[in-house]
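Undergrad: Protein sequence lines correspond, in order, to chains Y and X.
Counting in this note's numbering, the first sequence runs from 1 upward without gaps.
Counting in this note's numbering, the second sequence runs from 1 upward without gaps.
Bear in mind the hints are in silico, worked out from the structure with no lab data behind them.
Note that this is a predicted model, so its numbers are computed, not measured.
We put the beta carbon where it would ideally sit given N, CA and C, even for glycine.
Just to be clear, a hint being listed does not mean it is correct.
As the list claims (entries may be wrong) - Sample of chain Y residues facing chain X (criterion: CB under 7 Å; computed from the structure):
hint, residue
1, Q128
2, Y148
3, F150
4, L212
5, V216
6, V218
7, N219
8, Y228
Now for the letters of each chain:
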Amino acid sequence: MIPINHPRFSSRRRSAFTLVEMITVVGIIALLVALATPALVDVIRSTRLNSSGDSLSNRLSLAQQSAVAKSTEVEMRFYKYIDPSNSDAAATSVFYAYQVVETPNSRDPRAISEVYYLDSGTVLSDNQTLSPMLQTAVTQTPDSRQQYVFKPSTGVAPSSVTYSALRFYPDGSCRVLTGSTPGQTAAASAVAYTLRPLSQTFLTIVEARDLLNASVPVNFYCMQIDSYTGKVRTYRP
Amino acid sequence: MKNQQSSPISIGAKGFSLVEILVSLAVLAILLLINVQVIDQVQNTWAASNARVSQFKEARTAFDILVRNLSQATLNTYLDYQSNYVATAAQTAGTTGQSPTSYQRKSDLQFICGPSSAVLTVGADTFPGHAVFFQAPLGVTENPGYVGLDRLLCGRGYFVQFSSDAAFRPGFLPPGNFKFRYRLMEYSPPAEKNQIYSVSRGVNGEVTGNLYADARALISTGETALSVSKTRPIADNILALIISPRLEKQVSAAVLPTSIAPSYAYNSANIASPTVNSPQGTQHLLPPLVKLVLVAIDERSAQRLAEQSGSETAPPFGATLTTPFQAAAALEISEVPALVKILAAKRVNYRIFSATVSIRGSKWGI
């Protein structure tokens, strides 16, 4: 009637799990977790790569549109510096961040966006075959008030930061920084930035662990930018 | 007590019975099934709307570029004597004189539009719809030293082509899996490569060669900074581009706005519809208005079309995209609806962009 009072329950000790049962269950759970983890880690990695790439390609479009809307030249700078805290490439100069900068003729360049850092675990490749657009990097120079446009958050000296740049023009076109001295005047920047052929205008985000690999990584997010129209087209494996 | 001991269920009562488990499993399965269906539906809708938004964003950008550039088209016309500039031996010797035959409107440039198959002399299957070629002061140069010269004359052209992305996608991507799509192509040689400087000319200085002959030369994989391809895709999944030159208003009941290009073809180098008062007709004149219609589909529809047609490399619509367009006067009334019917039959997600561009350089009334 009332089972708890029944003598058989206490005698057979059915009121709790035995140690063996518990160990079996925990074992099964551990096995499942162990099987699922690698797949899950891959999913997380590729999600991060995706979101990193999506935000960059959206911001490239935004920069292009703001150049058209404001009828000025707008520059997307990709900052490269050595970050000792990066365990994958502690001694290598890596592209970690980017920013939209306006460069009025003969005046100091001015940031018109905040600094966007790529999601942790993802970096812009500087490999010639993966990112032909990011082959020329020039050293950041201080402006007339001895200020730098970009100061890394990790305490790296701003004078050691180099950058590659894409420049969007009021007619919607896009040129790549290929000269080593961009200068501050319209004449200097006209020569330093060149119109590249479509087969040379792409850049690729890779996972940080693939950065120093010479071969093409398994997972990547490649953005191709049409020089004439400034349009971004993306390629995923 | 007694009851529990005697009943066979009494032992089973400590756990669940098989029937209970089965029932609960069945309920769970039904719930899961419903869940999966809902998630699937949401995911489909999301992906479809996402594809549509991004696809049509690309088409709209390309359409804006087309409209902006076309409105700047120029012919740079001038008035000059019609006379043979190549002197004969007798003229050089001074024994005979040379007198001009007339005083004419002239131009070294050309505006040409019409069915791609005729303008580019190519097959209508891979080049559906119409093509337009013109000259405009766009100032695109290869040499960075010319950057200040932002009004340099450039040739421009637009047409739709069914092609693979093998030639222009980044070189490190694994070969294979090329995407064959209908694409809006832009012919945009830099100012240095403008054919007006090298094309063959007749004795009166008129253009006899084809100013846009190199438009068909597609992008090459061996591109370098100094040999840039002249034709590039500017938007994927554009099925058709229709171009109809028009007058600003209907002159009379008999003369429709489309009378300057009744079957869409217009070539500013040709003498067309001459009259006694205007023996040149529309030669060396830009049409005052150009009606543009662009038909874009989304990437998912394009994928489905490729799967349905069975062959990745063959254009899924064949020539059916070009055949509805025969008479410019019927463009809005019956021709665009005919194309829409074709698209609807294939259950394609499409969008039609349309605009009437006024060409600023046109001197029609003068």
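Undergrad: Each hint needs a verdict: does it hold in this structure or not?
TA: Evaluated hints:
1. Q128: Check failed: Cβ of Y/Q128 comes no nearer than 10 Å to chain X, outside 7 Å.
2. Y148: 27 Å, violated
3. F150: With a minimum Cβ separation of about 26 Å from chain X (threshold 7 Å), the hint on Y/F150 is violated.
4. L212: 16 Å, violated
5. V216: At about 5 Å, which falls below the 7 Å cut-off, the nearest Cβ of chain X leaves the hint on Y/V216 intact, so it holds.
6. V218: 11 Å, violated
7. N219: 13 Å, violated
8. Y228: Y/Y228 check passes; min Cβ-Cβ to chain X is 6 Å, inside 7 Å.
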